[in-house]
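Novice: So you can see what is in the structure, the chains are spelled out below.
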Amino acid sequence: MPAYETAHVKGLSKLPIALLNLMDEIPIGIVVLDTQRRVVMLNRALQALTGFVPQEAYLVPCWYVLRSSLCLRSCPISMVSKHSEPVCVEANIVNRARERVPVRVTAAPLLDLKGNLVGYIESIEDLRALADHSEETAQPSPLDSIIGRSLEIQRVLQVIPAIAQTDSSVLITGETGTGKDFVAEAIHQASSRARGPFVKINCGALPETLLESELFGHQKGAFTGAVENKPGRFRLAHNGTLYLTEIGDLPLNLQVKLLSFLDDHVLYPLGSTKGFHVDVRLIAATHRDLEQMVHEGRFREDLLFRLNVVRLHLPPLSKRGEDVRLLLDHFLRNLSARFKKRALQFDAQALGTLLSYPYPGNVRELRNIVEYAVNVCEGNEIRAEHLPAYVLEYKRQNGPRVPPPIDEPLQRFPAAAPALLWWEDTEKRLIAEAIMKARGRKSAAAQILGWGRSTLWRKMKRYGMR
Amino acid sequence: MKRILIPLWGDDIAPRFDTAQEVLIAVAEDDGRISDKRVVILPEASAEGLCNLILHERVDEVICCGIEDEYYQYLAWKKVQVIDSVGGPASVALERSAAGSLKSEEILVARGRE
Numbered sequence: 000m001p002a003y004e005t006a007h008v009k010g011l012s013k014l015p016i017a018l019l020n021l022m023d024e025i026p027i028g029i030v031v032l033d034t035q036r037r038v039v040m041l042n043r044a045l046q047a048l049t050g051f052v053p054q055e056a057y058l059v060p061c062w063y064v065l066r067s068s069l070c071l072r073s074c075p076i077s078m079v080s081k082h083s084e085p086v087c088v089e090a091n092i093v094n095r096a097r098e099r100v101p102v103r104v105t106a107a108p109l110l111d112l113k114g115n116l117v118g119y120i121e122s123i124e125d126l127r128a129l130a131d132h133s134e135e136t137a138q139p140s141p142l143d144s145i146i147g148r149s150l151e152i153q154r155v156l157q158v159i160p161a162i163a164q165t166d167s168s169v170l171i172t173g174e175t176g177t178g179k180d181f182v183a184e185a186i187h188q189a190s191s192r193a194r195g196p197f198v199k200i201n202c203g204a205l206p207e208t209l210l211e212s213e214l215f216g217h218q219k220g221a222f223t224g225a226v227e228n229k230p231g232r233f234r235l236a237h238n239g240t241l242y243l244t245e246i247g248d249l250p251l252n253l254q255v256k257l258l259s260f261l262d263d264h265v266l267y268p269l270g271s272t273k274g275f276h277v278d279v280r281l282i283a284a285t286h287r288d289l290e291q292m293v294h295e296g297r298f299r300e301d302l303l304f305r306l307n308v309v310r311l312h313l314p315p316l317s318k319r320g321e322d323v324r325l326l327l328d329h330f331l332r333n334l335s336a337r338f339k340k341r342a343l344q345f346d347a348q349a350l351g352t353l354l355s356y357p358y359p360g361n362v363r364e365l366r367n368i369v370e371y372a373v374n375v376c377e378g379n380e381i382r383a384e385h386l387p388a389y390v391l392e393y394k395r396q397n398g399p400r401v402p403p404p405i406d407e408p409l410q411r412f413p414a415a416a417p418a419l420l421w422w423e424d425t426e427k428r429l430i431a432e433a434i435m436k437a438r439g440r441k442s443a444a445a446q447i448l449g450w451g452r453s454t455l456w457r458k459m460k461r462y463g464m465r
Numbered sequence: 000m001k002r003i004l005i006p007l008w009g010d011d012i013a014p015r016f017d018t019a020q021e022v023l024i025a026v027a028e029d030d031g032r033i034s035d036k037r038v039v040i041l042p043e044a045s046a047e048g049l050c051n052l053i054l055h056e057r058v059d060e061v062i063c064c065g066i067e068d069e070y071y072q073y074l075a076w077k078k079v080q081v082i083d084s085v086g087g088p089a090s091v092a093l094e095r096s097a098a099g100s101l102k103s104e105e106i107l108v109a110r111g112r113e
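Chains as they are written, first to last, in numbering that gives the first Met the number 0: chain X, 0 to 465; chain H, 0 to 113.
These aren't lab readings, by the way, just hints derived from the structure by calculation.
C-beta: ideal position from N, C-alpha, C; glycine also.
Certain hints may be false.
Calculated cross-link-like contacts (lysine to any residue; reagent style SDA-like; alpha-carbon spacing at most 20 angstroms) [unchecked claim]:
#1 H:LYS78 x X:ARG97
#2 H:LYS78 x X:TRP450
#3 X:LYS441 x H:ALA75
#4 H:LYS77 x X:LEU261
#5 X:LYS441 x H:LYS77
#6 X:LYS340 x X:TYR462
Every beta carbon over 10 angstroms from chain H, so not counted as near; a handful from chain X, in silico [stated by the list, open to error]:
#7 PRO60
#8 GLU89
#9 SER122
#10 ASP125
#11 THR175
#12 ARG332
Given only the sequences and the hints, what does the whole structure look like? Please build it.
Specialist: As structure tokens, then:
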């Protein structure tokens with residue numbers, strides 16, 4: 000019978016306690032090793048972490064159970080002696096499910112009553128939750144992610160901290176892709192409300208009836224299907240900031256309700272007579288010309304005055320001159336690292352093409368073009384043929400480009416698929432089409448796409464396409 | 000005939016695919032005989048480097064212990080059979096593989112008490 004089944008702790012209570020039961024209740028992985036570093040016992044938490052059950056791991060060398068990154072180089076057990084203090088190091092393990100798990104390993108000697116070394120005890124702490132958290136907190140502030148040296152963008156960046164210190168409503172205007180969302184979040188992060196929630200809602204994304212309930216909440220039974228009370232985004236943003244993007248798409252009757260809220264900061268959920276006082280700062284954004292909409296009777300003038308306390312206009316990329324080069328380099332560096340490509344650079348022709356392109360979709364379009372090029376480029380240098388066809392087409396025509404109307408961004412893409420603005424979606428569609436054309440044969444699909452089989456495999460894995 | 004690669008740690012199978020600094024490359028004939036065997040020292044421990052070596056050496060089967068799913072799936076996709084979670088002496092694993100009796104998750108060490 001294995002030793003771990005008969006091991007007991009005596010003296011703690013009237014009757015001995017089974018050691019394994021005791022260890023199983025500890026939420027950190029624990030393994031007991033003999034002097035030859037073979038597993039004598041492992042608790043339930045470590046079983047969950049490694050995938051080994053005690054019967055399988057019993058008397059197996061610990062390096063075949065833990066499979067830590069330290070095993071071959073600097074095993075913490077080798078640093079432990081009978082007189083030493085516990086050794087604590089960070090490492091990662093590869094478990095039976097073939098997952099790499101970051102862990103903190105603490106190794107200590109096990110001594111008998113006479114002080115002789117009889118083995119070792121290691122505690123293995125799963126750091127996955129901590130790693131996720133630190134990745135979140137390590138993100139740079141949104142203000143840092145607004146890149147630009149041009150006078151136009153510097154003017155915006157300079158006023159953001161000052162705007163953040165006030166509690167006034169802000170209206171951000173600018174063409175699509177100029178970074179309105181980034182600026183809104185930067186204002187929130189730099190304000191005294193930074194510890195509160197930042198709640199974003201797109202007024203153009205939901206039908207009118209749903210939008211009202213989404214914004215203001217509803218009372219149980221207010222309408223068919225309202226089976227629970229719903230707080231609404233305004234209440235969720237209490238003590239924080241509510242960011243209403245595409246405010247120009249807000250229906251007229253909701254404009255009235257928003258106006259009423261801005262007057263007294265009291266909210267009446269749908270179907271409720273009871274009002275709630277909500278402390279939120281409102282930031283609104285739009286790419287539309289609100290003055291023109293007021294003139295046409297599609298936007299309330301009094302709401303515009305309410306929102307227009309502080310107005311921030313983001314310049315289009317075509318007016319940011321030197322920033323185009325800066326942004327090209329910035330996205331090239333970031334995306335190369337993200338897609339684990341070698342240090343890429345633009346050749347002169349590609350750079351010339353990119354610098355002369357007008358970017359009607361602004362920074363978002365520039366980023367997408369760079370992402371396309373980084374994905375398509377297999378070498379060290381991005382050449383003209385790695386750029387999207389429409390960019391090259393623009394250069395070939397070399398004529399004045401008529402920017403698409405703001406209401407209909409990037410009409411060269413199929414109108415039915417606005418989400419295709421993102422390269423990932425386009426690439427996924429291309430892969431799916433190629434695989435269908437190749438009747439499921441991956442090597443033929445890779446040939447159609449002009450990629451190697453490994454590239455196709457890597458991209459399919461990244462997009463979760465199996 | 001099949002070409003077999005085993006990441007090594009001394010004479011044993013390395014606990015991790017990505018941290019091994021040397022590998023055993025062997026040829027097992029259809030009758031179970033090992034006709035060729037050599038140890039290759041790697042310039043650095045790297046899972047990507049090892050995958051490249053496996054493809055370059057036209058290896059049919061990899062015997063290893065811990066391997067991340069990304070590399071396991073990649074090799075499987077490249078039609079390389081991976082027998083993972085195997086521990087113990089590389090020579091024993093090689094013989095068992097040549098005889099066609101090695102399975103994943105086999106720990107080939109004596110587990111008796113002294």
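Novice: Each of the hints needs a verdict: does it hold here or not?
Specialist: Evaluation of the provided hints:
| no. | hint | verdict |
| --- | --- | --- |
| 1 | H:LYS78 x X:ARG97 | 18 angstroms, holds |
| 2 | H:LYS78 x X:TRP450 | 19 angstroms, holds |
| 3 | X:LYS441 x H:ALA75 | 14 angstroms, holds |
| 4 | H:LYS77 x X:LEU261 | 62 angstroms, violated |
| 5 | X:LYS441 x H:LYS77 | 11 angstroms, holds |
| 6 | X:LYS340 x X:TYR462 | 17 angstroms, holds |
| 7 | PRO60 | 7 angstroms, violated |
| 8 | GLU89 | 15 angstroms, holds |
| 9 | SER122 | 19 angstroms, holds |
| 10 | ASP125 | 16 angstroms, holds |
| 11 | THR175 | 37 angstroms, holds |
| 12 | ARG332 | 21 angstroms, holds |
Hint check: violations occur at hints 4 and 7; the rest are consistent with the structure.
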